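Which chain is which? The protein sequence lines are A and B, in order. Count along the first sequence from 1, add 4, and you get the number used in the numbering used here. Count along the second sequence from 1, add 259, and you get the number used in the numbering used here.
Simulated from the structure, these hints should not be mistaken for lab results. Please note: incorrect hints may appear among the correct ones.
[Claimed, not checked] Within a straight-line C-alpha distance of at most 20 Å, the following computed EDC-like cross-link-like pairs (lysine to aspartate or glutamate) qualify:
1) A:Lys75 x B:Asp567
2) A:Lys146 x B:Asp262
3) A:Lys146 x B:Asp659
Note that the structure is a prediction, hence the values are computed from the model and not measured.
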Amino acid sequence: MDSIWFTIIAGMLAGYAVLDGFDFGVGIIYRIVARTDAERRDALAAIGPVWDGNEVWLIAAGGVLFVAFPKVYATAFSGFYMALNIVLWLLILRGLAIEFRLHQENPLWREFWDTVFSLASASLAIVFGATMGNLIRGVPLKERGLSGMALFTNFLPGRDAGILDWYTCLVGLLTLVALAGHGAFYLAWRTEGAVRDRSLALARPAWMATILLWAAATAATAWIQPSVFSNIASRPWCLGFVGLSIAGAWGVFAFPKRGRDLAAFLSSSAFLFGAVATALAGNYPFWLRSTLDPGLSLTASNSISETQGMKIALVWWSIGMVLVCGYYTYLFRSMRGKVSANSGDGY
Amino acid sequence: MSDGLVWHRIQFAFTITYHYLFPQLTMGLALFLVIFKAMAIRKGDESYNETARFWGRIFALNFAMGVVTGIPMEFQFGTNWSRFSKYSGEVVGQALAMEGVFAFFLESTFLGLFLFGERRLGPIRHLAVTIALAAGSWLSGYFIIVSNAFMQHPVGYRLGEDGVLHLESFTAFMLNPWALWQFAHNMMASLVTSSFVVTAVGAYWALLGKHLRHAKMCMTSGVIVGLLSSILVAFPTGDGAGKMVTRHQPVTLAAMEGLFEGGPYAELAIIGQPDVAGRRLQNPIVVPGILSFLAYGSFGSTVHGLNDFPREEWPHNIELLYYSYHIMAGLGTIFILVMGVAAVFLARGRLLAARPLLWILLLAFPFPYIATTAGWWTAELGRQPWVIHGLMRTDQSHSDLVNTGDVVFTLLGFAGMYLLLSMLFVVQVLRQIDRGPVAAH
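Let's have the full structure, built from the sequences with the hints guiding it.
This is the structure in structure tokens:
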């Protein structure tokens, strides 16, 4: 049961990275690739019908973590108290920026919320990346639990590390540029004209930076948490995720040249899914590694809920996911093709 | 309070009270969207679609506020109430996870289609999408109430040797009788709020003499749904929820009613100020026997008073609990009267001409928000000192490893941000109402 639920939550988080990832990506590059009000409304119409559903992957993954690994949920959420509250505030600002912008035509009003949308999206990308970095690096977990962690201390990934140190910042930065590139391909796929052209022009440098930072983060991980690599080596199926990332990394450069927007977007999706899945699979069975005493770490097997309840949850979860796939198929089919806010895709 | 309990409690009370201002409107408003969309198809009248689009914009603003202020609620189980989460996550988590998987996905994907897809979908499929949206929002209400009902009246669990709760019976947990009554009562209250809001906007347009066709649609449906839901929220749903309290939390009932000395022919306090130290109600206006009748169905039944229970079992804040309950019940009675009078005028076709009544209906809309908030405060204050009734005390449930300074910081942060957002939100809604249903967006 513990490995099944670890896999389920890891899969939901990787799915969240791909799906809400492109919303964040659109937010990050939005002010650069969409310049006039009409262009910005097109960009927002591209994510408008889907961003809210995409965000639910995070909420649902949180709920599933709560029921399957209550100890992890309680320890991690209270330990990352400040970071998570900042995430909440940024999610509030991101969501309301999209909604509030539409309701007034005043250009200053729109300029203000456009900036809020961009800054909140970029900050969220960094914080989520840094959170991932914390899971790999480990946290000062004691016998009693995890005391509320400082946001930063001396920026060194030692025993007294804060949530942000140079390693987790590096992962955060990698997330920022990767999502920028991912969002650019989504916009290229869903829009036409100047927004599409500028997105494609921006995608290439973003992906080159992503590959460089990916290499740097991989090297840093080898130094900070070498066990991730031995884990992957000892579980050959993990290489499937590595392969997915590499194939995606090839696609993000190969497809745009041929004008295949959807293939480029799917490639960046594959890259992101593969990268998050590799990191979580390499970290298995750890949820929270203790930097103080490895024996105090929270793993899938020492924090899983009782089997009886989790068997029931597996039944409803499976039914639920079939339904969700149905909703998503219907949503994307209904909204397929290029969007244009002026021809009634806005509201 | 160096361990921060009071700050955790204030933050949760503030953020949940604020959050629920939005879903209580959207859950009920979803039904009105279905009504207007269906009428547009049936009558072939485009004004109904204009009305639906207008309320769709109001819905979207409220929904966005509800979503963004709702995520902190889920997170706070872990950030602020980690000992509660560790202890009960295996059970309560079932409902919270199901809410995400079954309700939020349904609600949010179909909201996207509702708002952005009208042109692409056509009228029939757009109506179907609206129905799915309404179903998703009512479903989310059920799952969260199952979580709350477990805290009020825990069922379907087993306390393990490891000191945490395990799920014993999924069906008992999901079909908690407390949850069934509480859900029915809560959804009727949501319909009351949305009816009063829809009616108030109709009254506003009618008083100004503009958008009269749309004003009539809003007021007709608002008054009909408003009268039905105002009655149903009191009887049978409020009565049923009250009987749950009587049976499972008798000390809470005594505190809600301000009943210190129990016995047969127990009196119902209409007005009066509880003097907890003196164990009496000051300046009381009471009706003998009614409380016995409401609680047990006969005037002679014995109702236990607070004096029958040890002091440490009493809810912490009897004064606030007593007033919350009386505000809810008192306003609920007034709602039936207001909607009843409006329904008589509506039936005679004179509603749009009755200016004093239109003024009352316009100014009445804040009161269902107050009544609903007071109702939830009654439920939450009444459960104290327990976070899970009879199993876990509130002062054992907060995150004891989080620095109090961090909690005060986030409380101030939420307070500041929510204050600012409230102002911006109100400005948006007022502008939409002033623009009305026909103006292009």
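Here is what the structure says about each hint:
Straight-line distance between C-alpha atoms of lysine 75 of chain A and aspartate 567 of chain B comes to about 39 Å, which puts the hinted pair past the 20 Å bound. Pair hint lysine 146 of chain A plus aspartate 262 of chain B holds up; C-alpha atoms about 19 Å apart against a cutoff of 20 Å. Pair hint lysine 146 of chain A plus aspartate 659 of chain B holds up; C-alpha atoms about 14 Å apart against a cutoff of 20 Å.
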